[in-house]
Amino acid sequence: MNRSIGSVPGRGYKNCKSFKEFSSGSRIVMGNNDSDNTLNSQQSSAAIRVVGDRSAGKTTYMASLARWPNASPDSPVERVLPIGEDSEKLVESAQNILEQGLELEPTPLYTEVTKVKDYTLSITLKNKFKLGRLRFGRGLKPMTLNINCKDYSGEFFSDLLQQSMNPQLQAYLEDCLEASGILFLVDGMGNGKDREYARGLEKFLIKLDQVSMELSQRRVAFAVTKCEQSELWVNHEKPTFLASKRFPQTYKTLEAWQKDGSGAFDCFATSAFGMVGTKYPKPNAKRLSRERGGVTSIIEDPKRWRPFGLVAPIYWLSTGKRQPELDKV
Amino acid sequence: MGNIRVIGPRGSGKTTYLAGLAYWPTEQNQAGKKSRFAIQPLNQETTKLAENAENIIMDGKSLEPTITHVRNIYDLPSYSFKIEINKRLGEPEELILAVRDHPGEMFDNLGNGIKDSLHSEFLEECLGGDVAGCLVLLTDWGSKADRHYKRVFNQFANLLEKYDRTHDLRLAITMSKCERGEIWPGRIDPEIDLFNLHLPETYRTLCAKVPEKNRRFFALSTFGVLDRNDPRPNRVEQWGTDGSSAVLRKEKKWKPFNMIEPLYWLSTGKRL
Chain A
1 MNRSIGSVPG RGYKNCKSFK EFSSGSRIVM GNNDSDNTLN SQQSSAAIRV VGDRSAGKTT
61 YMASLARWPN ASPDSPVERV LPIGEDSEKL VESAQNILEQ GLELEPTPLY TEVTKVKDYT
121 LSITLKNKFK LGRLRFGRGL KPMTLNINCK DYSGEFFSDL LQQSMNPQLQ AYLEDCLEAS
181 GILFLVDGMG NGKDREYARG LEKFLIKLDQ VSMELSQRRV AFAVTKCEQS ELWVNHEKPT
241 FLASKRFPQT YKTLEAWQKD GSGAFDCFAT SAFGMVGTKY PKPNAKRLSR ERGGVTSIIE
301 DPKRWRPFGL VAPIYWLSTG KRQPELDKV
Chain B
1001 MGNIRVIGPR GSGKTTYLAG LAYWPTEQNQ AGKKSRFAIQ PLNQETTKLA ENAENIIMDG
1061 KSLEPTITHV RNIYDLPSYS FKIEINKRLG EPEELILAVR DHPGEMFDNL GNGIKDSLHS
1121 EFLEECLGGD VAGCLVLLTD WGSKADRHYK RVFNQFANLL EKYDRTHDLR LAITMSKCER
1181 GEIWPGRIDP EIDLFNLHLP ETYRTLCAKV PEKNRRFFAL STFGVLDRND PRPNRVEQWG
1241 TDGSSAVLRK EKKWKPFNMI EPLYWLSTGK RL
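As they're listed, the protein sequences go chains A and B. At position 57 of the first sequence the residue is numbered 57 (the numbering used here), and the sequence of numbers has no breaks. Every number in the numbering used here is 1000 more than the matching position in the second sequence, counting from 1.
Selected chain A positions facing chain B (Cβ under 10 Å, derived; list incomplete):
no., residue
1, L242
2, K245
3, Y280
Restraint-style ranges between C-beta atoms, simulated for each label pair:
no., chain 1, residue 1, chain 2, residue 2, range
4, B, D1075, A, T240, 28 to 36 Å
5, A, S158, B, D1164, 23 to 31 Å
6, B, I1067, A, F241, 26 to 34 Å
7, B, P1065, A, P106, 34 to 42 Å
8, A, D301, B, E1064, 30 to 38 Å
DSS-like cross-link-like pairs, simulated, lysine-lysine; straight-line CA separation at most 25 Å:
no., chain 1, residue 1, chain 2, residue 2
9, A, K286, B, K1048
10, A, K279, B, K1048
11, A, K245, B, K1209
12, A, K259, A, K238
13, A, K238, B, K1082
14, A, K252, A, K321
15, A, K245, B, K1270
16, B, K1270, A, K238
17, B, K1150, B, K1115
18, B, K1034, A, K279
19, B, K1034, B, K1255
20, B, K1087, B, K1255
21, A, K286, B, K1082
22, B, K1087, B, K1270
Think of the hints as simulated: they come from the structure by calculation, not from any bench. A virtual CB, placed ideally from N, CA and C, is assigned to each residue, including glycine.
Turn these sequences into a full structure, and let the hints steer you where they fit.
Listed below in structure tokens is the structure:
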């Protein structure tokens, strides 16, 4: 595949002067990635990692976020910038696969640690949004959020429970321990796996707690994916209801963790594919299969592909505040 | 907004009811009068159902029981509708619902005491925390049916307790096909004239086990009757190679009765 991504209009991608510096294996970008725009901007200091079951849609989430297609002019998000080679490839996949109405290949099982894909995205929020809502009187400083996702290729939760000595899992966990924010993705249609998720998550949280954070507490964003699906869509405006009712055990695990003072969690409703139509919103997804672990679908109408809710959890993980504008569809 | 499950014995008209919703005549008027409601299908499965609905309701293409193409809960169709309700005063009200159609065997097995893992999966699916309520369509009356329904609701009430849904799951207990002459007059006050009168044991069981705020009694008819002054069912039995099936008698007179009201109550807790 050639790198045709840079020609996508309006992505501001080529302006990223120094992205090559970050093109090999850098885990998180804390600043200076885009000298033109970040000179005066506030970089969020959160290090975020993405976890989730194999079919939770991690790669699709990141690809959709990286591509950021058909953004609404009202969106508080200025742009999303892929950092590094893997991330560029991710945008290519979004363009060449998802946008053609095809299915992303499942990440191959258990690749070598060095070959694990490492996606980093830098999200810039608009000045206006920031001025109006957040930092009064501090001038026009755009805010940049960074997110990193290592593409763990195993069965995260069952491996946690059954193969805790697996070297790939160890390396992955080690990496997660550095994070102050965990984006925990679950396929909303996979609620049959609630108990497994709860047990896996409990184990994961114990591991996290063994490494204490120096200054701040950890945050976990419990994000329900695939909310374009009708059964989830009807409750997408009530993410806590949605998450707690469909995944009661997982929710209780997070509640207990929060109560212990280990950190904070919040719930989010997200969709990498989004809806088509505003008066009669239909899922922009064509279903391929449905089973206990969840659903698989492809984009039905790539021209009108507009994800929703993808930035809200990242913003919350970075700032600890919820921005209602980012929850809007 | 909310998730609804449609349950009830075999042949109680669950799928036909949903087909009627999907095929709701939006452009043309119902029996010459403008309907208060407009319904739009909101996903592929519902659009497909709307296409089939024409065959089901107009041409009487006999419907296979849902169980023949549903092997597990993941096969259960998941329909979604947007219902717009025009009010005499003020803005129209809107509801977006996701509705799943359950095979009648699940309901009947509950009364027959049959338990297997598939069966409990179906029940669990009905009682999930994000389900706002169940539309229970019933079709028979008389002492035999009464005993069967009573047993089912006894079991169902135990399950509500077990899944901790007794106080937050609504049940719309609904007599289906009420265009039938014997019960058509009972539609006006179904709680008294249909359930208390014709299904007394079932009625008492429900009153005893389901909190009042979570139970309501309804009567509905997907086919309706011919006219206000001609209350013959707008439905004829058609005999095909695989038995009889109901077809709309006069297409132009199609006026379903009370199809939206139970859904509205299940979703909002208010009477329409």
